[in-house]
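K.L.:
Each chain is listed here by its residues.
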Amino acid sequence: MTSIMHGDRSRLRGIRIWAVLFWLIIWQLVSIAVANDILLVSPLQVIQRLGELIFTEFFWYSIFFSLLRIIGGFILAACAGILLAVSAYRFRHIRELLEPVMLAIKSVPVASFIILALIWFSSHNLATLISFLMVLPVIYTNVLDGICSVDNQLLEMAQVFRLPVIRRIRYIYVPQVMPFFRSGCTISLGLCWKSGIAAEVIGMPKGSIGERLQQAKVYLDTPELFAWTLVIVLVSLTFERLFLLLLKKIAGRLERM
Amino acid sequence: MEPIVLYKVCKSFDEKTVLQELSMNIPQGETTALMASSGQGKTTLLRILMGLEQVDSGYISGMEGLQKSAVFQEDRLCENLNPIANIRLTNPSLSYIQILEAMHEMKLFDCEHQAAAELSGGMRRRVAILRALLAEWDILFLDEPFKGLDAETKRQVMAVTCRLCRERTVLLVTHDLSEAKAMAASGLISW
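Sequence lines, in order, name chains A and B.
Quick note on numbering: the working numbering labels position 41 of the first sequence as 41, and the sequence is numbered without any gaps.
Quick note on numbering: the working numbering labels position 35 of the second sequence as 35, and the sequence is numbered without any gaps.
Derived from the structure by calculation, the hints contain no laboratory data.
Heads up, some of the hints might be wrong.
Across the chosen pairs, the derived CB separations fall in these ranges [to be verified]:
#1 A/120 - B/114: 51 to 59 Å
#2 B/107 - A/149: 30 to 38 Å
#3 A/241 - B/37: 54 to 62 Å
#4 A/187 - B/114: 30 to 38 Å
Beta carbons are placed, not taken as given, at the ideal position from N, Cα and C, and that holds for glycine.
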């Protein structure tokens with residue numbers, strides 16, 4: 001069973017690499033056909049520009065600036081989402097009170113939040129706020145669904161044996177809520193990067209990736225635009241992988257007796 | 001020891017009456033078998049005594065402060081935990097060796113590192129029984145505990161259960177009179 005699963009996984013990974021290579025070649029061919037660096041640059045030019053950027057100080061500073069704010073917003077939202085979900089599960093009134101708020105956050109366009117935030121606050125920590133707002137309802141909803149789906153028979157068993165709260169959380173709630181939380185994190189990690197960078201592009205906080213993207217647009221520097229986009233994708237994917245790996249390790253350690 | 005007294009206990013679910021003015025004395029320090037045909041409220045009675053349901057009317061005395069343990073009709077194991085962790089969950093003071101020895105008595109071999117989800121039905125049942133027996137308890141509820149075990153395993157498991165329950169308060173729900181006798185049930189209550 002395990003070997004079949006490993007086989008499937010490596011086959012999937014192989015297909016993905018093959019597909020990526022295919023589309024890179026198509027991109028290269030189209031860029032040669034278009035022959036206009038402003039409209040479409042080739043992947044080789046993007047790599048070349050990226051190679052130049054990584055030796056500059058502002059490149060690393062911009063990554064650090066945006067990473068800190070976007071991930072900060074994500075972590076704050078994850079913590080708040082868990083706390084609110086637990087409170088909503090425990091107290092019906094809190095759940096009822098939060099329901100319209102979460103619905104509003106989910107429905108209001110991210111651009112409206114960005115503009116409102118720019119009116120109310122400075123743009124310096126805009127990405128944190130926007131990333132927080134995008135992640136909060138996803139984590140809240142997923143964790144609440146997870147808590148609600150905890151096996152009632154196990155909770156009754158815990159009640160009869162008078163298991164202490166800590167042991168109930170660790171061995172009954174955490175294993176059953178974790179897949180929901182993990183799924184929420186997977187969805188919201190991509191979301192927080194997209195919305196965070198969008199906020200930076202509009203708000204242009206000094207030293208952010210969003211500001212670099214906006215400048216690339218203003219100067220029609222398409223290779224830099226693509227290079228920064230690639231950086232965002234790489235940083236976002238790396239953080240997602242690392243975070244999910246860390247989550248898996250923490251969950252594994254918590255469940256181990 | 002004072003018996004556990006049930007007096008005119010009534011319990012209904014929606015429109016359906018499950019227990020109608022049920023009165024009985026359950027002696028402490030011995031095994032009592034509860035027998036009744038299906039749907040007569042045996043499990044409901046156990047759930048009430050376990051504190052998982054409230055009575056509609058009537059009263060129960062003698063249960064105050066008793067530490068409970070149970071084998072439910074379902075195994076109710078933590079699927080991701082191995083048998084040792086499942087047993088230790090209810091009694092962390094047990095050592096690995098103590099649990100392993102008890103598992104061997106129940107003919108549970110070479111499964112101590114497997115997650116409960118990977119165990120067979122019979123193995124899961126025995127782990128659930130062992131968890132209840134090795135927990136610290138004053139009263140043990142056994143709701144059709146040997147269901148799904150083959151004859152030979154059942155005999156061995158019953159022998160261990162019987163030994164660990166000697167002179168302790170046990171309530172056994174069963175449909176099988178021979179099972180009640182084998183468990184040395186001194187009292188038999190049927191309705």
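K.L.:
The hint says 30 to 38 Å between residue 187 of chain A and residue 114 of chain B; measuring C-beta to C-beta, is that right?
P.N.:
Because 33 Å falls inside the window, the suggested range holds.
K.L.:
If you check the beta carbons of residue 241 of chain A and residue 37 of chain B, does the distance land in 54 to 62 Å?
P.N.:
holds, 59 Å
K.L.:
Does 30 to 38 Å hold as the CB distance between residue 107 of chain B and residue 149 of chain A, or does it fail?
P.N.:
holds, 35 Å
K.L.:
Residue 120 of chain A and residue 114 of chain B, beta-carbon distance inside 51 to 59 Å?
P.N.:
Between residue 120 of chain A and residue 114 of chain B, where Cβ atoms are some 56 Å apart, the hint holds.
Violation of the numbered hints given earlier is absent; every hint is satisfied by the structure.
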